[in-house]
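Peer 1: One letter stands for each residue in the lines below.
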Amino acid sequence: MTADVSSSRPLVELKGISKRYGDLLANDQIDLVIDRSEIHALLGENGAGKSTLVKILYGVIEPSAGEILWEGKPVTISSPVEARALGIGMVFQHFSLFDELTVAENIAVALSSDWSLARVRARLGDISRAYGLALEPDRAVWTLSAGERQRIEIVRCLLQNPRLLILDEPTSVLTPQEAEHLFVTLDKLAADGCSILYISHKLEEVRRLCRQATILRGGRVVGTLDPRAKSAREIAALMVGTEVGEVRSGLPHQPRGEMLEVRDLSMPAGGLHGQPLHSINLSARAGEVIGIAGVAGNGQGEFFEAVSGEVQQADAGCVRIRGKDAGRMSITGRRLLGAAFVPEERLGHGAAPRMTLSENMLLSRHATDRKAFLGAAGVVRERAIAMASQRVIEAMDVRKSAPDPEAASLSGGNLQKFIVGRELDRRPAVMVINQPTWGVDAGAAARIRQALIELARSGSAVLVISQDLDELFEISDAIAVMHNGMLSRPIPIGEATLEKIGLLMGGAEPGHVEHAEEPA
Amino acid sequence: MRIELVKRPQRSALFSALSPFIALALTLVAGAIMFSLLGKSPLDALYYYFIDPLREVWSLHELAVKAAPLILIAVGLSVCFLSNNWNIGAEGQFIMGAIAGSILPVMYPDFQSWIVLPLMMIMGMVGGAAYAAVPAFLKTRFNTNEILTSLMLVYVAQLFLDWMVRGPWRNPQGMNFPETRNFHDYAVLPEIWSASGRAHWGFIFALVAAVLVWFMLSKTLRGYEVKVLGQSPRAGRFAGFSSSKMVFFAFIVSGALAGLAGISEVSGAIGQLRPTISPGYGFTAIIVAFLGRLNPLGIVAAGLVLALSYLGGEAAQISIGVSDKVARAFQGLLLFFVLGADTLIHYRIRFVATVSRKAEVSHGNA
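Residue numbers (the numbering used here), protein chains in the order written: chain A, 262 to 781; chain B, 126 to 491.
For reference, chain B alone in the conformation it holds in the complex:
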C-alpha cells in the first residue's frame, strides 16, 4: 500500500481561512501531550505558556518587544517567499544590520546628536540589505541555490559578531566581558510609553512596514510583478519582468527590514552589542511569515502569537521548570501543523492498494 497526495479540484474557502486556527489548535493538543510526557500537568503548562504572559501591562510591553523583530523580518520575507526566493538567512541579515547600525555609537561615541539615531537606522538597513545582496548575486550570476547560501551566511555573520565584540569592538571599560560599550542616550531607540513598560519604537516600525508592504503587494504594479514572477516565472518573463532584478529586489527589501529589526533590537532592547543578540528571530520569522499566510497584515497577528511562545517559554521555565528549549519545540510543531494544514487544503490523501503480481500473470496467460 502506498499513500498519494491527490490535488483537490477546488480549495475550500472556509478551510483556507480556518487553517491557521486549526494549526494553532493542533499545536496546543500536541503541546499538551508533550508536557504530559515530560511529567508536567498539561493544563498548568499551557496556562503559563499562553495565558500568564498576557495578564499584566508590563508583560504586554514585553510581547511587543519580542514581536517587533519577528514582524519586521517576516514582512520582508513575505516579499521573498511570494516571489519564490527562499531567503533563509534573515538571522544573518539581522545581525549584520545590528553591526552596521552600531558603527556610530561604538566607534564614534563622542558624536552625540539627534541625527545619530536616524543614521543608525539607515545604516542598519543598508547593512542588512548589502548582506542579503550576496546570495542574490550568487543566485543570479552563478545560479547557486539561495537556500544554502543565505543559510550558510548566517553562521558567518554570527561568528563575525562574536569576533567583533571579543576583539576590535570590546568595551575598553568592560572588564574584558565580550560586549561593546553601552550606547549613549542619543543612540538609544526611545520607548513608546515609558511609564508602563519597555516596548520601543521598533514595534511602530514593524506596523508601518507591514502596512507599506501590504500596500505595495496588493495595490501596485511592483506587487503584481512579485506575485507573477513567484507564481509563474514564464508568464512573468512574457510580461517583460526581469526575474534577476526581482531576486535582488526581494532580497534587498527583506535584508533591509531584517537589518532594521537588528539595529532596533540592539538600540532599543539591549543597548549594546553582545555575542548573542537574537534568540533565533530570523528563523522564527519564517514561521511567522507562513502562519500569517504571507500577508503582511496577517503577519502582524502571527508575530504576536510567536512572540507569546518566547515569553511563555521564559514563564514556564520559571514557574514549572521546563527547559527553555520547549519554546523551540513549540515553534517547530506550529510550523509543521501550519504547512500540513495548508497542504491538505490543496491536496487530499489517498491510500492506494498496490496491485499484486497475480493480476499481471493472469493477464500474461490470457
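Bound conformation, chain A alone:
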C-alpha cells in the first residue's frame, strides 16, 4: 500500500447501508464519505439513526445491506476488535471506566496485553502534551470530573493510533469552557491526519468545528452540506423536517407567592461515590421558571431525589411545598400537595419500560387521581386510564406505532413528551423536572419547553434542572448553578451570561463571579 495511491481516496466510504429491525428501517440506504483529516459531523434528531449507523461502523451491529469501503477496499467489520484493528476508535456518550482504578490502569485494561503499565504511562505523557489532554496517571477515576473522564476515553483511543475517531455527543457532559478545550484538541488531531466523525444535535458546536456535515432524518440522509454556509435555522429545519418554532415566553413573569422552598438542605452521599448536598437554599414562586445549571454528577440527581421525596429528610422544614412542611413526606405525600416530578431517566425511572403507556399513567398518578383511576378495593379502572392516556398523547402529540405500546418501544423524545404530559395533565402547582430534553429531538424539545413556560405563566412554579445551557437561557427567569453539591444564588436571566454561568459550573464561588471575570 503506497501513500499516494490511497490518499487520493477517501478514508472511509459507506455505501447504501441499511439496517432493518422487524418493520422498522433504522438506516435506509445511507451513503457517507469521510476524507482524511476531515472533521465530519453526523447530525440528526434522536431516533434519526445516528447511533445505529456508527454502531455499524464500529462493528457492534451488522448491517442488513450495503458495504463499507476502507481506503477504497471493501471490508466487513464484525466486532469492535476488528474496528480497532482497522484504526477506528470510538468515544461513547456513556463512559466505561472502573471508578476504583487509576487513570493509567483504566487505560491499560482496555488495551491488548502487550501494553504494560509503564508503557502506558510513558505514552500517556506524550499524548497529553501533544494534544493538551492533561491527566494525572495515578489519580483514581472516581475523583475526576466528567471532562477528565472523557479525556481518558479519548486518550485510550489515541494510544491505538486511530485513523478515524468517532465521538458520540461528547459535549453533553462538559462546561462551555471544557467544550472549547475539547474543540482545540480535535482541531489538532485533525491537523495531524486523524479523521473525526462527530455526532451531535447541537448546531452551534458543529458550525464551530466541522466543514462537512451529513444530516439524517428518519433513517435517511437528507442533506450533506457545509454547516458554516447555512444558518442554524436552515439546518434545524432539515433535521426536523419542518421549521422549528422558537419557544416564546409570553408575558413577562410576575412572580407571586412562594410555591417551593428549599431551606438549608443537606444530605450525605448516597452511594460510595455519590455527591453529598451542602446546605442548599432555593425558592420558586408562582409564575416563574427557575433553572439549575451544572455539569453532570455535581449533585443534581441527589437534589432531585431530595426535593421529590424519593429520599426523605429528617427536618420537615427543609422542603416546603405551597407553604407546608414536606421534608418528611414521601413522594406520594408531596404529589398530593400539588407537586409533580419528572426524573432524568425515562426508562426504568420515569416509566416502567415493559409496561404500556396507559399502565404507566398510574405510576405517578395512582394517589392524586385515585377517584378517577381506581374503583372499590383498588380495582384499576382501565377505561378511565386509557382515556386519560389518550388525552396526554393528543395534548403532547406523542407519536407511536401501536394504540397502546410499551414505553420502551417509543423513541426518547416521544416517551419524554408522554411523561411530561402525564404530569402537566394534572395541572401541578409545582413542577420539578430533571433534564427535560436530554436526548430528545429538536421538535419534541421545543414542545416540552413551551409547555413548561405555559405552565409557569398559568401560575405554577417550575424548577428545571438541566445541563443544556441554551435551554436554560431560553426558558428560565433565573439560573442557579450546582457545583460539588452546593447551589449558587440564582442569577436573574437579565444579568446571566454564558461566561458567568460557565465559571460557576467550573467551581468559581458564587461571590467571586464578577471578580473572576475581570482579567478577561
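Be careful, since some hints might not be right.
[Stated by the list, open to error] Going by beta-carbon spacing under 10 Å, a handful of chain B positions derived as facing chain A:
no., residue
1, LYS344
2, LEU346
3, GLY348
4, TYR349
5, GLU350
6, SER357
7, PRO358
8, ARG362
9, PHE363
10, GLY365
11, VAL477
If you're looking for bench data, these hints aren't it; they were derived computationally from the structure.
Think of the CB as a built atom: it goes at the ideal place given N, C-alpha and C, for glycine as much as any other residue.
Chain A is already provided as a structure; the job is to place chain B on it using the hints.
Peer 2: The following block gives chain B in isolation, referenced to the frame of chain A:
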C-alpha cells in the same frame, strides 16, 4: 470462538405462547433418551409415566391430591417472583404451616368441634407466613440475600419437624414410631367426592387461591405495585411504592399459601405429622410457577403436569422398576427446558469468531 446471547429486538408472540409446550416436548425427548440409556423401552416408560396414571378415576383423584399443594405454593411464589423476591424456602414454610396447623389436634385432642378445622387452616397460614417473614425481615433490615436465607430455613424446618415427631409430639399410643397421634374426625379435611377417590378440599383451596391471586395481580393497584417493583424498582420508588413493604407482602402471601398447603396436606392426605410430609412440593412448585409463566391460571395447568410426574414416577417404579428418583430427574429436565426456551425467546445465540492476534500486529505496523 465464543458464544454470546444477543437480545432480540422483538419477542415472537407465537413462540412466547408455544414455549411451555416446546419445553414439554423436549423434556419427553430427553426423557426417552434417558430411559433407553437405562436399558428400558422409552415408549413403555413414557406410557407408564404420562398416560397410565390418567386412565382411572381414582388416579385422577390422586392427581388432584398431588396437584393441590403444588398449585397453592406456586400461586404464592408467583407473587414473590413477579415482585423480584426469590423465595426458595416454600418447602420450609409448608412444613411450618403443617406444624402450626397441627397444634390443636395434637396438643388438644379432646377439643372436638366444627370450629377446629377452620382454626387449623388459619393457624397453618399464620405459621407459614410467620416463617416466611424471617427472610423478609433479614432482607429488609440487613440486606441479606433471601435466596440463601429462605433456603437454609428449609433445613431448619425439616429438622424441627423431625425433632417434634420424635420428641414432644410423639404419639403416646404409637409404639415409639416417630409420628403424632392420628387427627380426630373434626380435624380431617373432608374429601370432595368421597365415593370415587381421595381428592380433598385442598384442591378447591388451590383453585380459589389461583383465581383470587390472578384477580389481584391483573386487576388491582396492588398487583400493579407487585409488577412495577419487580420490573423496575426505581420506577416503583418514583411511584411512591415501598419496596420493603413489598418484600414483606410477597413473602407473607406466599408463606401463608405454602402454610395452607402444608396443613391441608397433613389434615387431608396424611392424617398425622410424620418426619417427612412432603416429597419436595416446595421446590417442585418453583418449576410449576415458571412453567405456568408466573400466571396463577397457567399455574393450575402446570401444577397438574408436575403432579403427573410424581404419579408417573410411582407407576413407573412399580411397572418397569426404575428408581423413583427418575421423577426428580424429569422435573429437573423440565425446568431446564422451560428456562432455556424462555431465554431463547428473549435472546438469540451468536457464535463469535475471536480475532487472531495477527490483525492487531499488522495494524501496529501500519
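Peer 1: The structure should be examined with respect to each hint, and the outcome stated for every one.
Peer 2: Right, here's what the structure says about each hint:
At its closest, the beta carbon of LYS344 of chain B sits 5 Å from a beta carbon of chain A; the interface hint therefore holds under the 10 Å criterion. Interface hint status for LEU346 of chain B: upheld, as the beta-carbon distance to the closest one in chain A is roughly 4 Å, under 10 Å. Hint status for GLY348 of chain B relative to chain A: holds, with the closest Cβ pair at about 8 Å, below 10 Å. The closest approach between the C-beta of TYR349 of chain B and any C-beta of chain A is roughly 6 Å, which is under the 10 Å cut-off, so the hint is satisfied.
Checking GLU350 of chain B against chain A by beta carbon gives a least distance of about 9 Å; that is within 10 Å, so the hint holds. Taking 10 Å as the C-beta contact cut-off toward chain A, the hint placing SER357 of chain B at the interface holds, the least distance being around 5 Å. Against a cut-off of 10 Å between C-beta atoms, the interface hint on PRO358 of chain B holds, since the closest Cβ of chain A lies about 9 Å away. The beta carbon of ARG362 of chain B comes within 6 Å of a beta carbon in chain A, closer than 10 Å, and the hint placing it at the interface holds.
The beta carbon of PHE363 of chain B is positioned within 10 Å of a beta carbon in chain A (closest approach about 6 Å), and the interface hint is therefore held. A least Cβ separation of about 3 Å between GLY365 of chain B and chain A falls short of the 10 Å threshold, and the interface hint therefore holds. With 10 Å as the threshold, the beta carbon of VAL477 of chain B comes within range of chain A, its nearest partner Cβ sitting at about 7 Å, so the hint holds.
Of the numbered hints listed earlier, not one is contradicted by the structure.
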